[in-house]
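Counted from 1, the sequence shown has number 43 at position 43 by the working numbering; the numbering is strictly sequential.
Source of the hints: derived by calculation from the structure; they are not laboratory data.
Since no wrong hints were added, every one of them can be taken at face value.
Simulated DEER-style distance windows between Cβ atoms:
hint, residue 1, residue 2, range
1, GLY79, ALA23, 27 to 37 Å
2, TRP62, ARG3, 13 to 23 Å
3, ASP26, ILE75, 15 to 25 Å
4, GLY79, MET1, 30 to 40 Å
5, ALA36, GLY16, 10 to 20 Å
6, ARG28, ILE75, 11 to 21 Å
7, ASP54, GLY18, 14 to 24 Å
8, ILE75, GLY29, 16 to 26 Å
9, TRP62, ARG37, 11 to 21 Å
10, GLN59, ASP9, 13 to 23 Å
All C-beta atoms, glycine included, are put in the ideal place defined by N, C-alpha and C.
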Amino acid sequence: MARVSISSDGRGFTGGMGELELAATDVRGLIHALDARFPGLGDYVQRRMAIAIDGEIHQDAWAEPLRPDAEVFLIPRIGGG
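Starting from the given sequences, assemble the full structure and let the hints guide the process.
Take a look at the structure:
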């Protein structure tokens, strides 16, 4: 199962939980699983967070495959200007 770390920005949806394991074959499935467990978190991730898989930040991660032992980090997006 993928190990998911959620930054403090997303922990309001999880009751403060910062790490958990979820089974998913791609990021889309992972986000749907997160939203099923923590309603509203999936939409928040889509709008406000960046996704890093095994240390690499992905701009458009939805179709990215996940290895069973993947480490996924949900982190705040950095704004530019």
